[in-house]
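Line order of the protein sequences matches chains B and P.
Counting from 1, one number per residue, gives the positions in the first sequence under my numbering.
Counting from 1, one number per residue, gives the positions in the second sequence under my numbering.
Just so you know, these hints were derived from the structure itself, not from any lab.
Treat the hints with care, as some may be off.
As the list claims (entries may be wrong) - Here are the simulated EDC-like cross-link-like pairs (lysine to aspartate or glutamate), alpha carbons at most 20 Å apart as the crow flies:
id, chain 1, residue 1, chain 2, residue 2
1, P, K241, P, E54
2, B, K114, B, D89
3, B, K58, P, D35
4, P, K58, B, E350
5, P, K58, B, E146
6, P, K58, B, D35
7, B, K58, P, D89
8, B, K272, P, D89
9, B, K272, P, E54
Said to hold, decoys possible - Quick list of the computed label-pair ranges, beta carbon to beta carbon:
id, chain 1, residue 1, chain 2, residue 2, range
10, P, R274, B, K58, 17 to 27 Å
11, B, N82, P, K349, 17 to 27 Å
12, B, T119, P, G339, 50 to 60 Å
Unchecked claim - Anything over 12 Å on all C-beta distances counts as not near chain B; from chain P, calculated:
id, residue
13, S10
14, R17
15, R42
16, A142
17, I353
Where a beta carbon is used, it is the ideal one built from N, C-alpha and C, also for glycine.
2 protein chains.
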Amino acid sequence: MISSNYYKLSEQYLFSRIGRIISERHGAINLSIGDVSLPLPREVSEAGARAAMELGDKSTFRGYPPECGYDFLRKAVARYYNDRGVTVDQSEVFISDGIKSDMAMFFHVFNRGKVLLPTPCYPAYIDVCAIFGFEVSFYEDAPSEEKADIIVICSPDNPTGRAKSKAELEAWVRYAKRTGAIILYDAAYEAFVQSGAPRSIYEIEGARECAVELCSFSKTAGFTGLRCGYTVVPSECGLGKVWARLKSSLSNGVSYVTQRMAECALTSALDKIRGNVKQYLDNAALFRSALSGADFVGGEDSPYIWLRVGDGKAEFYRFLDEYNLGVTPGYGFGRNGDGYVRINSFCSKENAIVAAQRLRDWVRGRG
Amino acid sequence: MISSNYYKLSEQYLFSRIGRIISERHGAINLSIGDVSLPLPREVSEAGARAAMELGDKSTFRGYPPECGYDFLRKAVARYYNDRGVTVDQSEVFISDGIKSDMAMFFHVFNRGKVLLPTPCYPAYIDVCAIFGFEVSFYEDAPSEEKADIIVICSPDNPTGRAKSKAELEAWVRYAKRTGAIILYDAAYEAFVQSGAPRSIYEIEGARECAVELCSFSKTAGFTGLRCGYTVVPSECGLGKVWARLKSSLSNGVSYVTQRMAECALTSALDKIRGNVKQYLDNAALFRSALSGADFVGGEDSPYIWLRVGDGKAEFYRFLDEYNLGVTPGYGFGRNGDGYVRINSFCSKENAIVAAQRLRDWVRGRG
């Protein structure tokens with residue numbers, strides 16, 4: 001009776017399993033699961049506290065939120081795009097409790113088809129394709145002649161930490177428009193882009209006709225514990241009505257308290273959340289410098305560094321046993337992941353300094 | 001490319017459409033969409049405010065919540081059952097952002113099959129079966145010989161407001177065990193039961209082997225704006241591992257702030273949330289008395305009254321135009337809904353007094 005799709009999944013979700021192994025190791029610095037460590041800006045907490053108190057007062061109580069999000073937040077998100085010259089209307093912004101939920105919503109829209117996934121790949125994408133029974137094919141870099149209904153692009157990429165260039169994204173948009181495919185663009189790490197690479201697929205001409213963009217407050221604003229994200233469904237792609245209709249049957253929207261906190265993060269606390277991102281990027285710069293001489297990418301436009309290590313599984317345990325560092329073994333990200341580990345820079349500054357020294361020791365120890 | 005299942009849905013989700021029509025009518029009292037009106041108990045708001053402030057402090061910051069819920073809340077939910085003599089272990093409690101999300105999770109577990117739905121039926125169940133492509137058959141009351149994989153039972157029922165008796169539920173549990181079906185038991189309105197009817201399917205012997213129970217803080221604790229629910233997946237039914245695994249790929253859990261508020265609702269604020277439920281039941285008693293002489297059920301174990309009116313659509317407009325009352329036309333609940341309207345008692349006491357008078361006028365006006 002249980003869905004046969006379930007049996008296609010690995011026994012435990014990668015990050016849960018790795019997290020357990022690392023947390024049992026006393027003194028290890030965890031550079032594995034991509035969870036933030038800096039507290040929220042005080043304004044954001046206060047916006048939440050205020051909203052919670054409003055719900056306890058007769059004159060300011062609110063019930064069901066609008067299924068697609070409060071206008072105040074949809075507007076703040078649209079402005080977050082507009083202020084960097086990207087055209088997004090607030091009616092095209094759909095608030096969610098995070099990218100995982102919107103991934104599922106996206107697959108509900110299509111129900112069946114063939115998906116092109118990057119490789120290595122964030123495992124939740126592999127899982128969701130299995131759960132929904134979509135056919136999967138992997139791409140390594142640029143579009144080939146292979147046809148698909150859906151193309152998943154994550155940029156800056158998880159796990160490699162690489163941001164796709166404008167030219168690369170242009171090639172994908174051309175491909176999607178030629179073949180009639182839809183791009184599912186995961187921009188969860190857009191706030192980390194420093195190099196001038198695109199932060200949104202909508203910086204590419206024609207993308208509004210063929211791309212849906214998923215984003216989240218988790219990494220941008222440290223909201224992993226609060227659960228808030230958004231999806232842009234441009235009017236030109238013709239999916240907005242379907243999206244809104246499915247959302248009304250599958251969800252009842254996102255907490256008013258959370259939405260007020262998210263609004264604050266994008267408005268009065270915007271400089272502070274940018275400061276937090278900067279601190280994680282500073283950690284990444286420390287790691288990059290410590291890894292000098294090793295073979296890696298990422299860490300410039302992303303909190304992730306993708307490090308070539310040889311035998312990924314053995315090296316995961318060597319990092320843990322000999323250097324007291326928890327990293328994520330690359331094999332968990334599928335084909336092309338083996339032989340690498342992912343390191344993230346979400347730890348505190350103090351831990352980053354210690355971890356950088358341990359990475360330096362690891363580089364020396366390789367010899 | 002868009003899922004053919006989408007085209008099986010009605011154009012707009014019933015409650016959104018009805019809500020719009022009523023909200024445009026000046027002076028109408030809305031007894032339609034089942035949204036609460038009483039503010040949260042002050043302790044609950046304060047628990048939320050405290051939790052929001054914790055996230056702004058380095059020493060108390062928390063990132064990703066556990067995917068299946070914080071232990072403090074799972075424990076509070078288990079105790080909420082245990083205190084009325086129902087066996088539920090905290091490991092069997094899965095926290096969600098509401099029943100709609102857990103309905104979807106449930107259908108992911110099975111992926112395909114035949115579903116028995118009640119009729120009349122809460123429309124989100126009809127929608128979710130369509131979205132997932134399940135075959136649907138309707139039952140009127142007791143089990144027949146018809147076989148199915150899943151049986152949805154809502155008690156106290158939405159829309160009829162009737163709580164199933166112990167004997168009725170025993171018949172369904174026997175049927176499920178004989179046929180190998182799984183019961184999806186929606187207990188969203190359990191807190192309203194006054195008559196001694198079961199509040200949980202687990203009050204029925206053998207139900208732990210064949211039933212999953214969905215519940216929510218929305219109506220129990222006035223959490224419609226906060227989004228929190230829970231599902232009990234008993235160890236005997238053998239679905240807990242699948243549930244946890246799917247949840248880890250399809251969601252990242254529920255806001256820490258919300259979970260602290262829910263914990264407070266089930267512990268220190270429990271008497272107050274019971275007081276709020278009592279107030280809604282008092283409103284329902286006013287309505288029942290006003291409707292004396294008319295043909296209706298519900299309103300004793302439920303905030304809903306299911307009133308026979310003749311032509312449901314015409315009467316919906318007559319309630320609105322002549323009596324300034326927004327009700328829900330029964331045809332939106334499918335077969336057996338036509339000819340009825342649903343009235344809820346979630347309004348303020350002041351509005352309930354005015355609405356009761358209008359209902360009395362309606363009863364007189366029928367002659």
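Problem set entry | T119 (chain B) versus G339 (chain P) beta-carbon gap, inside 50 to 60 Å or not | 57 Å, holds
Exercise. For the pair supplied as a hint, K241 (chain P) and E54 (chain P), is the alpha-carbon distance within the 20 Å limit?
Worked result: 32 Å, violated
For this session: Against chain B, does S10 (chain P) hold up as non-interface, every C-beta pair farther apart than 12 Å?
Result: 9 Å, violated
For this session: Please work out if K272 (chain B) and D89 (chain P) have their alpha carbons no farther apart than 20 Å.
Result: 42 Å, violated
Exercise. Between K58 (chain B) and D89 (chain P), does the CA-CA distance stay at or below 20 Å?
Worked result: Roughly 36 Å separates the two Cα atoms, so the pair is violated.
Exercise. Are the Cα atoms of K58 (chain P) and E350 (chain B) separated by 20 Å or less?
Worked result: At roughly 13 Å apart (the allowed maximum being 20 Å), E350 (chain B) and K58 (chain P) satisfy the hint.
Exercise. Non-interface claim for R42 (chain P): all C-beta distances to chain B beyond 12 Å?
Worked result: 5 Å, violated
For this session: For the pair supplied as a hint, K58 (chain B) and D35 (chain P), confirm whether the alpha-carbon distance does not exceed 20 Å.
Result: 14 Å, holds
Problem set entry | Consistency of beta-carbon spacing, K349 (chain P) to N82 (chain B), with hint 17 to 27 Å | For N82 (chain B) and K349 (chain P) the Cβ distance comes to about 45 Å; the hint is violated.
Exercise. For the pair supplied as a hint, K58 (chain P) and E146 (chain B), is the alpha-carbon distance within the 20 Å limit?
Worked result: Given that 20 Å is the threshold and the Cα spacing comes to 49 Å, the pair is violated.
Problem set entry | Beyond 12 Å from each Cβ of chain B, as asserted for R17 (chain P) | 10 Å, violated
Exercise. For the pair supplied as a hint, K114 (chain B) and D89 (chain B), is the alpha-carbon distance within the 20 Å limit?
Worked result: Roughly 30 Å separates the two Cα atoms, so the pair is violated.
Hint check: violations occur at hints 1, 2, 5, 7, 8, 11, 13, 14 and 15; the rest are consistent with the structure.
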